[in-house]
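Protein sequence lines, in the order shown, are assigned to chains F and E. Residue 42 in the working numbering sits at position 42 of the first sequence, with consecutive numbering throughout. If you count the second sequence from 1, you need to add 314 to reach the working numbering.
Among the hints, erroneous ones may be present.
Unchecked claim - Calculated cross-link-like contacts (lysine-lysine; reagent style DSSO-like; alpha-carbon spacing at most 30 Å):
#1 E:489 <-> E:544
#2 E:417 <-> F:61
#3 F:261 <-> E:544
#4 F:234 <-> E:528
FYI, nobody ran anything at the bench for these hints, they're computed from the structure.
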Amino acid sequence: MGGYIMSNTSRRDFLRLLASLAAGATLSSFRKAGNDNVRIVVLHTNDVHSHLDPFPENDPKYAGLGGVERRAALIKKIRAQEEHVLLLDAGDIFQGTPYFNLYNGEPEIKLMSSMGYDAAAIGNHDFDAGLDNLSTQLKHATFPLLCANYDFTGTPMEGKTMPWKIFDKGGVKIGVFGLGIELAGLVDKRLYGKTVYESPILKAAEMVHTLRDEKKCDIVICLSHLGYKYENDKVSDVVLAKESRGIDIIIGGHTHTFLEKPVILKNRENKNVYIAQVGWAGIRLGKIIISTDKKSKKMALNGISVEVGKMSSV
Amino acid sequence: MHSVFLPRLFAPFLLSALLLTTACKRHAHVTEVSVSAVELNPKTTQHDSATHVIIGPYKMRLDAEMNAVVARTTEAMPKEKDRPETLLGNFVADVVLAKARAKDPQGAAAQVDMCLLNNGGLRSSLPKGNVTRGDIFSLMPFDNEIVIVTISGAKMEELLKYLAVSGGMPAAGIKLGIRADRTPGKTLINGKPLELSRNYRVATSDYLSAGGDKMSFFSSPVKVESTALKIRDALLEHCSEVSAKNQPIGSPLDGRIYYE
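Chain F with its partners taken away, still in its complex shape:
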């Protein structure tokens, strides 16, 4: 797990990935002058579930891994090396350790703000102390919660989220939008109250229209808490990727799936969609490098997941 020396197979996969990039996304616009080549590093987490301390040394599966201090240090180090960093979380920030039982998510949000998160999706467990609490904890947030498919009208969360946000990184416009999972049968009705869940597929299409067609974003990222994939036909990141157009990257969560590197699928226009997810509990930090070339107006993507707190090779 976590070895980054490429085997022949992974090298082959990698070449295939690069070959696929040739047919990959075309950058529609660069607004600002500057370097021809802009390198953007997208860092991502999901389902951290209040795991602020590393797993104890006697944990049967994840001994010593994770921990918010290490994550912060790692992010800081990457920021020192990279000019353009985007830091995202795909939801389920809350619930899972006594931190949440004692403090209802306050330290989680304060720490994410301190680490400079740019945006987060809403996970089903972020409802666990109720909508009033989520709204209260957001006062500590310096980043927006992005969700395009929950209608919070008439709830304490009304007006507290945004469907999308655009980030300018060295003249490259990156549109990020959020999607949440169906709440009925997953979250106690008393917790989500009057929140209305709307179709992620339809809302995603609407977001792509706004971000890609109207706002002329170069890159569109979906921050999703739908889950990677299911045995049945429940909507997931895989379903969304195949049925969508105009989404370059889906940063996912919910299913606690450890993807060593992004999975590449074809969307309905036969273009590449990258799906990334890095397990849970802050054990790993996802790192996607987007390299753009102004002259050819093309971009390349490449991603890995970095283990937080363990020797990951040899």
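Assemble the complex: chain F is given as a structure, and chain E must be docked to it using the hints.
Structure of chain E alone, referenced to chain F:
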């Protein structure tokens, strides 16, 4: 403030990068292909002072409350799924069934037939050796309460089908064979075969009884009775009772759910 990192093994990455660059020469747009793995050595302290300052006060109170050892185990109980039964599932389900029987609002003479929980509700592993109060909170962070749901024989049949399709969930008071086609085989509920004509009383969480994890057989039940006991508190009570006798906690794998 200074972070200590040990970036290692860059040679293989350079090699890969070189190879990829060569392979992709004709695609001039590919400007960056290297995989730059950052490694952290657990032996080195990675301090981030800003983070440390924020988390410090929270952690101090939390550690004071959560680091107390409440029980011990003789083997680890890892959080697992895709198995018909697990050490962790058997342990929690046995405790919930015993506590439901002890707190039964109808009294000790009444029967609680079985307990059904869900894998997704068990959130973390229990270690081998000392178990802290914090470990129990991480295993069961939710404030869900134990309820006793009375369902019809027909709904019990649905429950068994659900268990078979799911390939096993934390359960107690039941012995169930799962056939190759994922349907229920040989079944004993509280030691007896399924009788469609009678009602069953099932201990579960208020979350699942309200339809969580698509347990539709709990919808429109004959009756739902509260025990006013949280699952986490049931586990903590059990830990202190067993530890008072200087015994370890845990339930064995006993083939309660198995593939036929």
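Hint-by-hint comparison with the structure:
no.: 1; hint: E:489 <-> E:544; result: holds (26 Å)
no.: 2; hint: E:417 <-> F:61; result: violated (34 Å)
no.: 3; hint: F:261 <-> E:544; result: violated (40 Å)
no.: 4; hint: F:234 <-> E:528; result: holds (13 Å)
When held up to the earlier numbered hints, the structure conflicts with 2, 3 and fits the remainder.
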